[in-house]
Amino acid sequence: MISLFASTARGLEELLKTELEALGASACKVVQGGVHFEGDERLMYTSLLWSRLASRILLPLSEFRVYSDMDLYLGINAINWPSLFGVDKTFAVNFTGTNEEIRNSQYGALKVKDAIVDSFTRKVQQRPDVAKVQPDIRINVYLQKDRANVAIDLSGDGLHQRGYRDMAGQAPLKENLAAAIVMRSGWLPETPMVDPMCGSGTLLIEAAMVAADIAPGLRRDYWGFNQWLGHNAELWRELLAEAQVRASRGVNKTQSRFYGYDHDRRVIEIAKNNARRAGVASLIQFETQEMTRLTNPLPDCQKGTVLSNPPYGERLDSEPALIALHSALGQIMKRYFGGWNLSLFSASPELLSCLQLRAGRQFKAKNGPLDCVQKNYSLAENSERSSPQGDYSTGVDGEKNGEQSVQIAADFANRLRKNVKKLEKWAKQEGIECYRLYDADLPEYNLALDRYGSKYVLQEYAPPKTVDPQKARQRLFDAINATLAVLELPASALILKVRERQKGKSQYEKLAQKGDFFLVNEFGAKLWVNLTDYLDTGLFLDHRIARRMLGQMSRGKDFLNLFAYTGSASVHAGIGGARTTTTVDMSRTYLEWAERNLRANDLVGRQHRLVQADCLGWMHETNEQFDVIFIDPPTFSNSKRMENSFDVQRDHMALMADLKRMLRPGGTIMFSNNKRGFKMDMDGLAKLKLNAQEISEKTLSADFARNRQIHNCWLVSHAGEDK
1 MISLFASTAR
11 GLEELLKTEL
21 EALGASACKV
31 VQGGVHFEGD
41 ERLMYTSLLW
51 SRLASRILLP
61 LSEFRVYSDM
71 DLYLGINAIN
81 WPSLFGVDKT
91 FAVNFTGTNE
101 EIRNSQYGAL
111 KVKDAIVDSF
121 TRKVQQRPDV
131 AKVQPDIRIN
141 VYLQKDRANV
151 AIDLSGDGLH
161 QRGYRDMAGQ
171 APLKENLAAA
181 IVMRSGWLPE
191 TPMVDPMCGS
201 GTLLIEAAMV
211 AADIAPGLRR
221 DYWGFNQWLG
231 HNAELWRELL
241 AEAQVRASRG
251 VNKTQSRFYG
261 YDHDRRVIEI
271 AKNNARRAGV
281 ASLIQFETQE
291 MTRLTNPLPD
301 CQKGTVLSNP
311 PYGERLDSEP
321 ALIALHSALG
331 QIMKRYFGGW
341 NLSLFSASPE
351 LLSCLQLRAG
361 RQFKAKNGPL
371 DCVQKNYSLA
381 ENSERSSPQG
391 DYSTGVDGEK
401 NGEQSVQIAA
411 DFANRLRKNV
421 KKLEKWAKQE
431 GIECYRLYDA
441 DLPEYNLALD
451 RYGSKYVLQE
461 YAPPKTVDPQ
471 KARQRLFDAI
481 NATLAVLELP
491 ASALILKVRE
501 RQKGKSQYEK
511 LAQKGDFFLV
521 NEFGAKLWVN
531 LTDYLDTGLF
541 LDHRIARRML
551 GQMSRGKDFL
561 NLFAYTGSAS
571 VHAGIGGART
581 TTTVDMSRTY
591 LEWAERNLRA
601 NDLVGRQHRL
611 VQADCLGWMH
621 ETNEQFDVIF
631 IDPPTFSNSK
641 RMENSFDVQR
651 DHMALMADLK
661 RMLRPGGTIM
671 FSNNKRGFKM
681 DMDGLAKLKL
691 NAQEISEKTL
701 SADFARNRQI
711 HNCWLVSHAG
721 EDK
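Numbering of the sequence shown is given in this note's numbering, commencing with residue 1 and proceeding in unit increments.
The set of hints was computed from the structure by calculation and includes no laboratory data.
This one's a predicted model, so the numbers in the text were calculated from it and none came from an experiment.
Don't take each hint at face value.
DSS-like, lysine-lysine: derived pairs with alpha carbons at most 25 Å apart [stated by the list, open to error]:
#, residue 1, residue 2
1, 660, 687
2, 465, 660
3, 675, 660
4, 497, 418
5, 422, 455
6, 428, 455
7, 253, 272
8, 425, 455
9, 425, 272
Quick list of simulated restraints, FRET-style, between CB atoms [as the list claims (entries may be wrong)]:
#, residue 1, residue 2, range
10, 41, 263, 43 to 51 Å
11, 523, 719, 30 to 38 Å
12, 255, 96, 43 to 51 Å
13, 263, 103, 26 to 34 Å
14, 277, 255, 16 to 24 Å
15, 474, 705, 40 to 48 Å
16, 94, 221, 19 to 27 Å
The C-beta atom is built at its ideal place from N, Cα and C for all residues, glycine as well.
Generate the whole structure from the sequences, applying the supplied hints.
And the structure:
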């Protein structure tokens with residue numbers, strides 16, 4: 001009997017053991033990352049040719065202790081290498097693991113190479129060459145603590161490389177992982193399979209090869225045993241011939257049919273070519289089609305399996321679209337595939353919750369570095385078959401499917417419906433297109449949802465560290481799903497952001513480069529917003545009443561806007577009839593934005609001045625005076641003028657000293673900030689001979705009724721002046 005080792009992806013070891021036993025292996029023992037097994041020479045070649053799950057098949061040569069680099073050298077040198085391969089053949093060393101003495105795998109590989117070369121030189125007075133690409137012989141050395149295991153890799157390249165896949169169109173799934181997904185899906189040969197997001201077709205091709213009894217290694221032309229001196233070429237040719245006969249008969253005999261769809265015409269062509277090279281092109285029908293247009297290709301025939309590896313996202317801006325996609329998939333499954341099985345393999349189990357289906361079984365596996373899950377669902381029979389598909393782009397569907405349907409974020413959805421009903425009519429009457437629909441109304445859903453015309457921004461307030469990140473992410477996904485459903489939105493209309501405490505210049509940092517600006521209306525003012533490129537959108541919604549007040553206060557006056565951001569307050573002052581407006585901010589980006597806002601309202605000319613400057617320094621140095629001043633400083637900032645930093649609570653009296661000098665008799669300062677618990681220094685104001693009247697309540701509108709502390713707002717004037 002020959003001792004062998006089959007490696008595989010983490011999580012597939014037990015499945016591989018079952019497969020090897022079915023092929024005739026004995027003494028199978030599962031370890032992390034693979035299976036030790038025994039068999040005769042025929043079984044060795046059979047496992048190489050027929051294992052759909054193994055990554056490599058290794059033939060162990062030696063095992064020895066390694067306490068130093070010399071131990072490693074001597075242990076390798078003791079193997080009779082010239083009896084294993086000829087000196088005219090090339091070899092490569094794959095070394096994994098380290099210990100206290102061998103701390104670098106490259107160093108370990110170098111010592112192994114030296115020992116092999118020296119063995120040949122001593123015994124045959126010649127040395128073989130090393131080849132990095134497709135060597136004749138691969139030597140595998142695994143070092144764990146003080147024990148080294150040495151083996152010949154009989155596979156050559158990994159066994160997942162079946163030889164049918166176009167390198168230019170490689171899918172993220174390796175073929176052996178795809179085969180495992182097929183095995184775990186519950187699909188039965190002779191029944192149909194559909195992949196609505198098939199990419200380059202790997203899942204369907206692996207399933208078709210199973211149905212047609214095609215050996216996964218049949219079309220491989222590079223093997224690690226070809227130049228091994230122990231290779232039995234005659235036995236190998238015999239096994240290949242048997243496999244070729246079985247494949248030919250299997251393709252003609254099988255009744256299984258497979259259907260693959262993808263929105264990308266290019267990858268569909270790659271899938272067709274892959275299927276042709278695999279010998280299963282006649283069994284698979286590939287078509288270019290959006291997933292949302294999917295219907296059952298066999299509505300009146302036997303039930304089958306829908307199997308797919310749907311996309312997942314690593315960027316926030318992709319999540320609404322992915323949630324809508326999964327939501328639509330769940331609806332389509334319930335509507336058109338009653339009685340079928342559904343199996344999905346995903347790196348994002350949170351997305352699978354958007355199906356609104358309950359999984360019967362689930363499996364874990366690694367896809368490279370990613371932790372993935374495969375969930376299987378049994379779809380209940382439909383009592384009525386629905387007519388042609390509707391629009392699944394919004395994620396809206398009231399249809400239930402027995403006890404399978406799962407209502408997502410019901411409390412959040414109900415609160416959002418209530419808010420929409422109350423606020424939409426109010427906003428229309430007020431003449432505003434931008435307002436807040438939801439603001440952390442429920443503790444479990446710590447989010448804010450803002451409307452900007454036909455688009456919406458969902459901001460997640462970063463959860464505290466005490467909250468389980470996976471649970472927080474699941475709630476976010478549920479909220480996105482519910483938002484798309486309640487508002488009947490296409491995914492492209494919802495933008496997702498995460499809101500954290502911002503310091504210094506972080507509000508100016510770009511998040512994207514889309515340049516997607518559009519105009520919105522606010523009390524007759526036209527304002528440009530951008531929902532994707534920056535943390536903020538260009539319009540602070542909680543200040544809208546303050547901006548309207550400034551417009552009313554500024555008629556015939558000289559108006560100053562400090563820390564002006566995108567100049568929306570200057571626009572309101574301008575359309576309110578201000579004689580001049582001066583807009584000051586340190587950011588060129590936002591000043592250019594402010595200029596666009598002014599131009600959109602025909603506020604052009606020298607009377608509308610833009611100043612790029614550090615506001616604190618500019619205020620301290622200017623000799624100009626104004627009738628109306630609006631200042632909305634940051635809560636905290638680093639500044640060249642301050643010795644260390646600027647803190648609005650600590651330093652607001654320094655601001656007031658400069659503002660008093662800049663304020664004309666009879667003039668008014670509107671002072672605002674968003675520091676919770678801010679306390680105006682009334683004694684300090686009295687010493688400066690200034691009066692202050694808090695108007696925070698008057699500047700909050702209906703959509704911010706729940707968040708009374710979103711900002712503080714004060715009117716400040718010279719003492720003794722009636723306001």
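Output the indices of the hints that this structure fails to meet, ascending. 2, 9, 13, 15
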